[in-house]
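Engineer: These are the residues of each chain, in order.
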Amino acid sequence: DAKTTQPTSMDCAEGRAANLPCNHSTISGNEYVYWYRQIHSQGPQYIIHGLKNNETNEMASLIITEDRKSSTLILPHATLRDTAVYYCIVRVQGNAGNMLTFGGGTRLMVKP
Amino acid sequence: NAGVTQTPKFRILKIGQSMTLQCTQDMNHNYMYWYRQDPGMGLKLIYYSVGAGITDKGEVPNGYNVSRSTTEDFPLRLELAAPSQTSVYFCASSYGTERRGNTFGSGTRLTVV
Chain E
1 DAKTTQPTSM DCAEGRAANL PCNHSTISGN EYVYWYRQIH SQGPQYIIHG
51 LKNNETNEMA SLIITEDRKS STLILPHATL RDTAVYYCIV RVQGNAGNML
101 TFGGGTRLMV KP
Chain L
1001 NAGVTQTPKF RILKIGQSMT LQCTQDMNHN YMYWYRQDPG MGLKLIYYSV
1051 GAGITDKGEV PNGYNVSRST TEDFPLRLEL AAPSQTSVYF CASSYGTERR
1101 GNTFGSGTRL TVV
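Sequence lines, in order, name chains E and L. The first sequence begins at 1 in this note's numbering and counts up by one. The second sequence begins at 1001 in this note's numbering and counts up by one.
Among the hints, erroneous ones may be present.
Result set (BS3-like, lysine-lysine): computed pairs, CA atoms no more than 27 Å apart in a straight line [to be verified]:
hint	chain 1	residue 1	chain 2	residue 2
1	E	K69	E	K3
2	E	K69	L	K1014
3	L	K1009	L	K1057
4	E	K111	E	K52
5	L	K1044	E	K3
6	L	K1057	E	K3
7	L	K1044	L	K1014
8	L	K1044	L	K1057
9	L	K1044	L	K1009
Hint data in this document are derived by calculation from the structure and do not stem from the laboratory.
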């Protein structure tokens, strides 16, 4: 699986959009980009995933560059409850299903 | 649906003791996983299962064993607990095909003293 690079931490003002970048320059053509988050002391929570098209759901939007070497997770109106560690993961959908390799992630702090 | 349920939530073990961490899911997911998370670190895969009767090692399987006799249950067994196994353990499950990613349990915080 391709490795990802994320900033260690980011701040965002409450109510503003939070844009979390992720570099995955060695991504293969059949690898998906997944985003999860982990609020303190809780299990990780799935947010969104995509292959090459931009995706949007009730939680967030995922923008993937045309060359697929990087992506951005967008939380359109961040709230204090969005404070968490956000993980960007790239993964092939294979026989092992959604087996995920977690790195260090980005610690997002949403401030009043 | 209760989702993924893990028990116990907390446990303190003495070195050399054994225990089983329980995990059950009610979503009819065929894939199940065990991860551990050390303080300040990301998750590491211990074992996974793609269906009842089938298990395989992940990144850090040493010191652990698993079984998958039913679709719903995926217990993790620690034999001869060591301080290095002090961690938070998360169980997760998913469909085999691309859907909504993994669903995680709330974790078991284990301390080995």
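Engineer: Give a verdict on every hint.
Structural biologist: Verification of the supplied hints:
1. E/K69 / E/K3: holds (11 Å)
2. E/K69 / L/K1014: violated (47 Å)
3. L/K1009 / L/K1057: Distance ~24 Å between L/K1009 and L/K1057 Cα, so the pair holds.
4. E/K111 / E/K52: violated (32 Å)
5. L/K1044 / E/K3: Holds, at roughly 14 Å.
6. L/K1057 / E/K3: holds (20 Å)
7. L/K1044 / L/K1014: Distance of about 23 Å is within 27 Å: holds.
8. L/K1044 / L/K1057: Answer holds: L/K1044 to L/K1057 is near 12 Å, not above 27 Å.
9. L/K1044 / L/K1009: Holds - the C-alpha atoms of L/K1009 and L/K1044 are around 19 Å apart, at most 27 Å.
The structure fails hints 2 and 4 (numbered hints given earlier, in ascending order).
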